[in-house]
Structure formats: C-alpha cells, structure tokens
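Q: With chain A's structure known, arrange chain B on it following the hints.
Residue-level listing of the chains:
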Amino acid sequence: MSANKIRLPTFDTVLNTFAMWFLAFMWALPLLYAIWTAFHPAAYETNFVWNAPLTLDNFKSAWAAAPFARYFFNTVLLVTMILVCQFVLCTLAAFAFARFEFPGRGILFTLVLLQLLVMPDILIVENYKTIRALDLVDTIVAIGLPYIASGFGIFLLRQTFMSVPKELDEAARVEGTSFLGILWKVYIPLAKPTYLAYGLVSVSHHWNNFLWPLIITNSVETRPVTVGLSVFSAIDAGLEWSVINAATLMTSGPLLIAFLLFQRQFVQSFMRAGIR
Amino acid sequence: MMHKREWIYGWLFLSPALVFLFTFTHYPAVTTVISSFFSTPKGRRPAKFIGLENYQALIQDDVFWKVLLNNFWFALGTIPISIGLALLMALWVNSHLKGKTLSRVAFFAPTVLPLIAVANIWLFFYTPGFGLIDQFRSGLFGLPAINLLGNPDTVLAAMIVVAIWKEAGFFMIFYLAALQSVPPVLKEAADVEGASSFYYLRKVLLPLLMPTTLFVSINAVINSFRLVDHIFVMTEGGPDNASSLLLYYIYETAFKYWQSGYAATLTVVLLILLSILAIGQFFLFDRKIHYK
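These protein sequence lines map, in sequence, to chains A and B. If you count by the working numbering, then the first sequence holds residues 1 to 276, one letter each, in order. If you count by the working numbering, then the second sequence holds residues 1001 to 1292, one letter each, in order.
Some hints could be false.
Stated by the list, open to error - Listed next, the in silico SDA-like pairs over lysine to any residue satisfying Cα-Cα at most 20 Å (straight line):
1) B/LYS1098 x A/VAL14
2) A/LYS192 x A/PHE87
3) A/LYS192 x A/ARG158
4) B/LYS1098 x A/ARG264
5) A/LYS129 x B/PHE1255
6) A/LYS166 x A/LYS192
7) B/LYS1203 x B/ASN1094
8) B/LYS1098 x A/TRP21
9) B/LYS1004 x A/ALA98
10) A/LYS129 x B/THR1031
11) B/LYS1256 x B/PHE1232
12) B/LYS1256 x B/ASP1240
13) B/LYS1100 x A/ALA28
14) B/LYS1100 x A/LEU15
15) A/LYS129 x B/ILE1034
16) B/LYS1256 x B/THR1040
17) A/LYS129 x B/TYR1257
18) B/LYS1048 x B/GLN1259
19) A/LYS129 x B/TYR1027
20) B/LYS1004 x A/GLY104
To be clear, the hints were calculated from the coordinates, so they are not data collected in a lab.
The following block holds chain A by itself, in its conformation from the complex (with noise of 0.2 Å):
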C-alpha cells in the first residue's frame, strides 16, 4: 500500500473508462438530441453546429398549439391525489398486516402480492366497463382509482414496519396511546425515507402513464400531459420535428429537472424500494 507511489492507470481501467463513456454517450444521445432540436430552429434539426442560434420558439409554438397549461394542471392533481390516497390506504393496511393478528390475514396478503402480478394495467377491459358503471368516464378520479390500493406500496411499507423494534410499539400501548396514535408517532416517523422512496416512484410512474388514462379520458379537461403530447403529435398539421421536441421535453421536463437536481436521491429511493 505505498500512497504516494504515481499510480499508472492499468490498461484494463483505460479500456473499461472509455467503454463505459462510450456507452453512456450512446444513451444520452436521444435526450441530448431532443435537446438540441428543441431550443434549435428547425434549419439547424440535423446541421450541428457551434453557433447555431437558440431560441425558445419552439416551445412558444408548442405551447400555444395546444392546451398544455390545462394538461400539467392535469396531471399535477392526478398524481397529488394518488399519492396522498395511496399513503393513507397503504399505511393503514401495512399497519393492520405488520401488527395485528387476526383471521384471515396470511390469505389476504397473498391477495394483496397478487396485484404485484396481475397489475390494474392490464385488466383495461373490465376496469372501463367498472368506471362506465360508476358513471365516472372522462374524469380525474377515473385515472387514478385502480391504483391508489397499491400492492407495492402495501408490501414496502409493511416490510419497514416490521423492522420497527416491538418495545418502542409497547412502550407506547403501556402509556395507552390508541393505535392510530402508536402508528402516527411511532411508525409513520421511522418509516420516513420509505415514504420518500415511494414518493418517488409513484410520482414518476403516474406521470409517465399512459394507456390507461388513454382509455378513460377524451376531454382536454380530464387528459394527462402524456396524452395530451400523444393528441398534439398525432395532428398532421405538418409539424416541425423541433415544436413535437419541445413539447416531449416540456412534458417530461419536471420529472427531468427534479432528476437531475436530487439525482443521488432518485436513484436511493428507486434501490430502497427495489430491495426486499
């Protein structure tokens, strides 16, 4: 172990520095490029040079082709109403399988793990013929309503709150805490970074849907960006490549942002919640 001996880098990490930067290019190439066309006027769409002129009218056209502002508003509420629903559903039914017993409850899980399978995405088909009969087609709640039970997020929180030492959870029923008390300030607090892991994922997850919220909504008032940006490109108005661009990457933008800023946390929160 000499530290201050001039260390060489081997062959083998030259080799593997390049590959992997190589790679790397190759997938930031798409994104990059998006990039490009879109603060780009179309002139420069495949002519690369240093000094070509940005310009945001790209995403001015874009903005102004379609309702956008109602799409972001849109989406916005259908994920904050997800989210919240899916944390107090979720919370209460880990709590109910990590810390109680009663019959039933081993069967029930597995039903509960069956979700992780059989996924709300793929049952489109009966679950529109649900909402027709509710009466809710073409409304927010629609979009969200098969998945705010979530399997995932049962089964995360679950698994965090059994890790929760039992004495601190007795300590607090000797006191006579009811348990709805024991599981807002014993549990919920503990459980804080598994609450921002799954934050996270069903945040970008429910933003980045798309068939479902097809489906189910055919207004500009109900619609997702995502279909929103699906309805916009689809026009054959003879769009420039560089306005369709501009608008992918405003749709995509805040989740975008939001990455590149808490990166380190992004990619934390998606291995917690991938780890069993």
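A: What follows is chain B alone, placed relative to chain A:
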C-alpha cells in the same frame, strides 16, 4: 377480549385498501374470465352465453398468433440484452472509474422519462432519409435511406432497441443495490490470492448476484407484456401487425373494434401467461433461499 379487539382493528385498518384492491384487481380478473364466455353486447342486445366460441375464434385468429409470436420475440430480444447491459452498467458505476457519476445519470435518465415521450424522440431517429440514423448512414457510408419502421422485417428489432434503452438503466439500479451489499473483504481476498478481475466476476460476483438476476428477469418478463405505449406513437402495431404486442392487440380489440367479449378472451390468455410466470417465480424464489 384483547384478541377480539385486535381482529376488529386489523380488519378496520385493512378494509379501505381492500375495497379498492378487490374492485380494480380481483373482481375484474374474475369477470374477465366470465366475459370470455359471452358475446359482446351490442346496442339493445345484451351479452349472451356462447360457451367456447370466443376461444375457437382465438385459435383461428392469425393476428392473435402473430401478436403472440411478436411478444415472444420482443421478450427474447429485450430481456437478455437489457439485463446484460444493466449488469455491466452497475459494475462500471460501482467502480472507481472517472466520470461514473455522469454515466449513472445518463444510464438512469430514460427511466424517469415517459415512454410516450421517448417514442417521439426515437421516431425522429428512425425517420427515413431525414432522421439521425439515416443521416449517419448516408454521411459516413453513402448508404441509401432505409425505412426501419415501415419494413415488417426490421420494425420489431427497432422497437426492441427502444425498450432496451428505456429499461437497462432501471435494472441497473437493482444490481447496484446488490453490489453495494457485497462485503469488500471478498474482493480483498481475491486480490490476495492473485485472482484476475474476470475470475472474481465469474466465480464470486455472478453467483452472489444470482437472486438479483432472477428478480430482475421476472420484472423484465412482466414488463415485456406491459410496455406498449411506444407502439401508439411509433407504428400503431404496423406494418401488417408486425410490431403489435398482446396488450396492444387487446386495446385495439376492445377500444377500436369494440369487441369486448373477444378482448376478454385475449386478456385471459395474458393472465394465464402471467400466472405461469408467477409459478416460475415461486420456484425461483425457492432456489434463492439456498444462496443465503
């Protein structure tokens, strides 16, 4: 007495989640099977029991078999490559190479982008004559324009590339988590023994990462049935259903042709496929215990 109280509270806390879970997961899963034995209700004519007619139609439906085969190739094309790349990415990002933080951002970024937006960007890449791929081909090699998305022979491969690009960074995360839990003592011991890094990878790391690989594979398989958003923007299943996948065909049948009875039959096939995978997962998890 105490126990009775626990029961009541357990059920009470559980019930709100269960109501929604049953309404939108278990109930529709059951009614899908029931609907598959009924005709599609039309106007004033309600659905009537037709036995196995939908299943007979299914067996004779060329498009169904084509879509199923497409899904098989799509899975086979995406899963091994994206898992291999994910492992490679994780090993790099977890090492001490220069620029690993930036690389991690690049690898992971596609995961946070909506697939529908990603499809727009790739659609432009693939545009014949004008897109980046053709610009590159004609600029460097003087090759003629190709229409990758318009040709039934290449369209599925073009879609597989998009899926790999989207997913590899996501799977990288699971490997990264697993790698960080490998005790550094193992690497030190291997170094002391003079083992090459390739030997260490093959004989030490890969066996240790096996449970992660199994977990990621199951996720990848489920995703290969679930991810269809890009089809809407890039090809709409065409040309001649060459890029259509099972879930996309279910969507078309139910919401374009309004054949909800037949769409339910197709969904049953998808559910059966996923159940077979679930049983597979169960056995794989059984094996996982031996590693620990």
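Q: Against each hint, give a clear statement of whether it holds in the structure.
A: The hints, checked one at a time:
{"no.": "1", "hint": "B/LYS1098 x A/VAL14", "result": "holds (10 Å)"}
{"no.": "2", "hint": "A/LYS192 x A/PHE87", "result": "holds (11 Å)"}
{"no.": "3", "hint": "A/LYS192 x A/ARG158", "result": "holds (13 Å)"}
{"no.": "4", "hint": "B/LYS1098 x A/ARG264", "result": "holds (17 Å)"}
{"no.": "5", "hint": "A/LYS129 x B/PHE1255", "result": "holds (12 Å)"}
{"no.": "6", "hint": "A/LYS166 x A/LYS192", "result": "holds (18 Å)"}
{"no.": "7", "hint": "B/LYS1203 x B/ASN1094", "result": "holds (18 Å)"}
{"no.": "8", "hint": "B/LYS1098 x A/TRP21", "result": "holds (9 Å)"}
{"no.": "9", "hint": "B/LYS1004 x A/ALA98", "result": "holds (17 Å)"}
{"no.": "10", "hint": "A/LYS129 x B/THR1031", "result": "holds (10 Å)"}
{"no.": "11", "hint": "B/LYS1256 x B/PHE1232", "result": "holds (13 Å)"}
{"no.": "12", "hint": "B/LYS1256 x B/ASP1240", "result": "holds (16 Å)"}
{"no.": "13", "hint": "B/LYS1100 x A/ALA28", "result": "holds (14 Å)"}
{"no.": "14", "hint": "B/LYS1100 x A/LEU15", "result": "holds (14 Å)"}
{"no.": "15", "hint": "A/LYS129 x B/ILE1034", "result": "holds (13 Å)"}
{"no.": "16", "hint": "B/LYS1256 x B/THR1040", "result": "holds (14 Å)"}
{"no.": "17", "hint": "A/LYS129 x B/TYR1257", "result": "holds (16 Å)"}
{"no.": "18", "hint": "B/LYS1048 x B/GLN1259", "result": "holds (13 Å)"}
{"no.": "19", "hint": "A/LYS129 x B/TYR1027", "result": "holds (12 Å)"}
{"no.": "20", "hint": "B/LYS1004 x A/GLY104", "result": "holds (14 Å)"}
Violated hints are absent here; each numbered hint is respected by the structure.
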